[in-house]
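Could you build all of it, start to finish, from the sequences and the hints given here?
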Amino acid sequence: MTAIVEVSGLTKIYGSGAAQVTALDAVDLSVAEGEFVTVMGPSGCGKSTLLNLLGGLDTPTAGEISIDGHALAELPDDQLTELRRRRIGFVFQFFNLIPVLNATENASLPLRLDGVKDADARAGLWLERVGLADRMLNRPDQLSGGQQQRVAIARALSTEPALVLADEPTGNLDSKSAAEIGELLRQVSTKWGRSVLMVTHDLRIASFAQRLVLMRDGRIIDDLALDGSREAPRTALERSGLL
Amino acid sequence: MKLTIDLAWRYLRGRGARSMLTTLAVVLGVMLTFGLNGILPAMVDAFTRNLLSSAGKVDLTVTSTFNQPFKAEVVDRLLTVPQIDSASPGAQGTVPLPRDADAPADALAQLIVVGVDTGTIGELRDFPLAQGRMLVAGDNAAAVLNSDLAQQLALGVGDNLVLPAAGGTVRFRVVGLLSSATLPGSEQVFVTLPAAQQLFGLGARITQIEATLVPGADRSATERAVASALGPDYQVGGLSTESSLLATLEVANFAFNMFGIFALATAGFIIANSFRTVVAERRRDIGMLRAIGTSRRTVMGMFLAESLLQGIIGTALGILAGWGMAASFFTAMAPIYTSVMHFTVGGPKFTTTTWVTSILLGVGVTVVAAILPARAAGRVTPMEAMRPQLGEVYERQVGIRAWIGAGLLVFSLFGLVSGSSSLVGLGAVVFLIGIALVAPAVVNPIAAFASRPLETFFAREGAIARSNLQRNPGRSAVTVTAVMLGLASIVAMITMVTSIFAGFTSYLNKSLSADYLLIPQSIILAQGNVAAGPQLAERVRDVPGIGAVSSLRLAKARVDDGEVQVIGIDPANYLKVAAFDWNAGSSDAAVTQLASGRWVIANGIYASQHNLAIGQALQIDTPNGVRIYHLAGIGNDYLNAKLATLYTSQENLARDFNVTADLLLMANRTANADPAETLTRMQKVLADYPAFRLYESQSWLDEQMATFSQTIVIFDVLVAALALPSLLALVNTLAISVLARTREIGMLRAVGATRRQIRRMVMAESLLLSVIGTAFGAVAGLWLGYALVVAMGAVGWQMPYAFPWTGLLATVVVGIVFGVLAAIGPARSAAKLDVVAALHQE
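Here the protein sequences line up with chains R and U, keeping their order. Here the first sequence stands for residues 73 to 315, numbered as in the working numbering. Here the second sequence stands for residues 129 to 970, numbered as in the working numbering.
Hints may be right or wrong, so weigh each one.
Label-pair ranges, simulated between beta-carbon atoms [unchecked claim]:
| hint | chain 1 | residue 1 | chain 2 | residue 2 | range |
| --- | --- | --- | --- | --- | --- |
| 1 | U | Met148 | R | Leu314 | 47 to 55 Å |
| 2 | U | Gly144 | R | Gly187 | 24 to 32 Å |
| 3 | U | Glu583 | R | Leu314 | 47 to 55 Å |
| 4 | U | Val484 | R | Gln151 | 39 to 47 Å |
| 5 | R | Gln151 | U | Met148 | 37 to 45 Å |
| 6 | R | Thr133 | U | Glu583 | 46 to 54 Å |
| 7 | R | Gly265 | U | Val496 | 48 to 56 Å |
| 8 | R | Gly187 | U | Val484 | 42 to 50 Å |
| 9 | U | Arg503 | R | Ser115 | 32 to 40 Å |
| 10 | U | Gly144 | R | Gln92 | 46 to 54 Å |
| 11 | R | Gly243 | U | Arg425 | 41 to 49 Å |
| 12 | R | Glu105 | U | Val484 | 42 to 50 Å |
| 13 | R | Glu200 | U | Thr481 | 35 to 43 Å |
Derived by calculation from the structure, the hints in this document are not laboratory data. Idealized CB from N, CA, C, for every residue including glycine.
Take a look at the structure:
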């Protein structure tokens, strides 16, 4: 299987001198095509930093990142922006939908940015797939949190990206909606074949992933396959002393 | 591109209230620029067309150098000059009116009869008919005159005007009445040229030719060409009054235009402020857009597109409003102008330039104002998408800008004390920019200082309000600057109006210190004036109760190809009955100097037109040849303030100009004389001089002041019309500053602030902002006003700078009151905010 994400020696240091903080310390990671990976760890372990660096939102202090065969360090800002637009989908904790646009328009935003002609039709297809066929013309303030996150997932998928990055996608949701989003993200990898990298604190949601990466103090301390059972993530965390 | 505009449009609609308020700012700015520029050209047009109707479209007049009638063939010679477009021969003279025994002393005593060539005059002059018809060829016993003059003479269409002529009397049947206004001293009756020639016994000769120039012809070149075509027996003239009056109007135009620019600058600040808030609020949206692959340029483009849309909508509405403003101005003002100033105004006139300027300024200012916020938006990192909403992000960018501002303020001080009108004007503008830059740095200390008294009234809320201001000095500074700009323009305008009023009052008082004036009826055009020999002055001097008597004599001269009126005064007595309003560097000593040889005093208009300096030599072309005179001083008198004038001694006038007749007499009453008795005696003397009218200075002054006060009313209305948009801008800015903090207010409510406290907090904040803004505005306005007064002086309209105490006080009170009024709406809505909704406000 081809690797969509290829990371080696990834280091990120904030500040300098006494105030220096090493957020990521020589991390190596590889995510295969269609693989659903969840990253867990205590606050400040570097998981969000990892996600930002993978998304090209931030630049590493050292190390290399390759996404879908493109070495990020070699890309100028414009091409990096284009890579984000076409090959990476983002799902945020706070949904980040444009309040003045309806569901279809929000989902088609990256396509329209790219000048795609049938943007709305393609976005509509994704909205149907995530189960929002009857909500396509609603604005964000007319949708529940779970529905808003589905719109965000449809937006992330509308450009047919190789990689979906999800930062605490259920952090702002009730447990029922959270489980639905977890299930939806699993579908993103199994049914639609996208690689998904998700950062979460929620053990239940983590169990939807195929693989669990545990981090502490900027390092990966464990990397194991999950069997879909609810207990697997908990057991792994307890074993690493993170719980 | 489509997406950018679509998004911009959605956002604009999405925040309805605020979009409306910011757009309103653009609307007001464009309304002023467009509206005022629609009003002014029409006013200038009406002014030149009506008030200067005696000149008509006439660009040039040709008369005999020796005031003799001449042959009509000169017209053909004149037409050989290529720059001359059309020419019309005429004959003009004064005719005394038969006098009833019981007629009042100031009854009309003479008429100017103007014979016009019916075939050609239409090319030069408008004769706006109110009733009846115009003269036609062969109308040998018909006359046309102004309606108001006809009324004075109790004549209507069909009545007969009886005039004395060489052989008895001549009857003219009034066939038409004109709607134009009659200037005092210019009571004209129009007849056909042959009729006038017969009346004055001229045969086939004429007394003047009026001509127009081809468009774009150079005036002085044309005058030289005409002079060489006609020879030295003829002189070329025009109405010099026209140019100086128009210069004054142009200054007024400039001043009014400044208001439009000010309003737009205010709008610019409001828009910049609004977009800054919008960018801060939308950081997370922007972060997401950046994260999902929107380029910096597209983000910037989105904000610029938003401002462009707003600019287009605002400008369109502004043009509509400006048109309405101009139209209603004319509807409201037309009757006042007709009754007070005797001229009719048409409707608004919008030139292409006005359209283009308004649109460019309206859209341009909006887009330019959004550039900085848009750039800031482009710099938002995609990381913002990962953070929770922070509300407004506070910037502290004071440093360098404040120092630049301080530097500009220092520079502007040099401008103020420089004395040069352009530097003073530049200084005023630089001062405004300086304040705008310094404001963010000084708002904090000033707020701390100003809030002390405030906190005694608003014990708890005052402190919160102050810290609200201080926490975001940038935003407060924008509000303060907007308030400042608005109020500065009002104060500046009031200063100018006050100064004009004070200037005229002092002109009148100084120039007419004499108790009695004896003026010929046709003094204003200084043409065909009847003068009196020295015996009139002697007879007046002999009247019991009369003290000092002094006279004015008048001649025409040419200096450097330009015509100028030369007034002869009696250096020994002039200052006893009259006075000069001296420009800097001149004094009463100049009058004494006139007696010591060929010296002249120039008035302000003439001196500034020719850039004269005291002591300078002037080559004056007199009837006896070129004579060298020297400039003794520069000063003005009210009667001649607007005419290019030189004053010299009557001795010089007699020697070089052969003029010995008195044109105007001024006399003082002795301290213990009885006014009524003296007046009766004076009237008795005057009965033998029907061409002269006796004015008692006090009544003449009262009459002039009454007319002037009515004119001032128009200015006051204008100031009010201009103040309103500025004040609306103030309300607008304050309302935006509350809207921008909806979330913050929600938070305050959530942590336990009562509705009353919120209301009082918003009030206190608004009050604080408007106090600071009003203070800056008052200072900047006084400065600008001073600059305007100096600028008026530079083009010859000298007026003393009058400090507008009342106006200033009124502006400060209005500014602060509006600050409170502006807060009422936002304070109420802030207090009524639903806490949960406010916290979720995007």
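Here's how the hints hold up against the structure:
For the hinted restraint 47 to 55 Å between Met148 (chain U) and Leu314 (chain R), the CB-CB distance of approximately 54 Å keeps it satisfied. Between Gly144 (chain U) and Gly187 (chain R) the C-beta distance comes to about 30 Å, which sits within the given range of 24 to 32 Å. For the hinted restraint 47 to 55 Å between Glu583 (chain U) and Leu314 (chain R), the CB-CB distance of approximately 53 Å keeps it satisfied. The hint said 39 to 47 Å for the Cβ distance between Val484 (chain U) and Gln151 (chain R), and at roughly 42 Å that hint holds.
Gln151 (chain R) and Met148 (chain U) have their C-beta atoms about 41 Å apart, which keeps the hinted 37 to 45 Å range intact. Judged by the Cβ atoms, the range 46 to 54 Å given for Thr133 (chain R) and Glu583 (chain U) holds: they are separated by roughly 50 Å. At about 49 Å, the beta-carbon gap between Gly265 (chain R) and Val496 (chain U) stays in the expected band of 48 to 56 Å. Range check, Gly187 (chain R) to Val484 (chain U): Cβ separation about 34 Å, and the 42 to 50 Å hint is violated.
For the hinted restraint 32 to 40 Å between Arg503 (chain U) and Ser115 (chain R), the CB-CB distance of approximately 34 Å keeps it satisfied. A hinted range of 46 to 54 Å for the beta carbons of Gly144 (chain U) and Gln92 (chain R) is consistent with their spacing of about 48 Å. Roughly 32 Å separates the CB atoms of Gly243 (chain R) and Arg425 (chain U), a value that falls outside the hinted 41 to 49 Å. In this structure, Glu105 (chain R) and Val484 (chain U) break the distance hint of 42 to 50 Å, their C-beta atoms being roughly 60 Å apart.
For Glu200 (chain R) and Thr481 (chain U), the hinted distance range of 35 to 43 Å is not satisfied, since their beta carbons lie about 57 Å from each other.
Of the numbered hints given earlier, the model fails hints 8, 11, 12, 13; all others are met.
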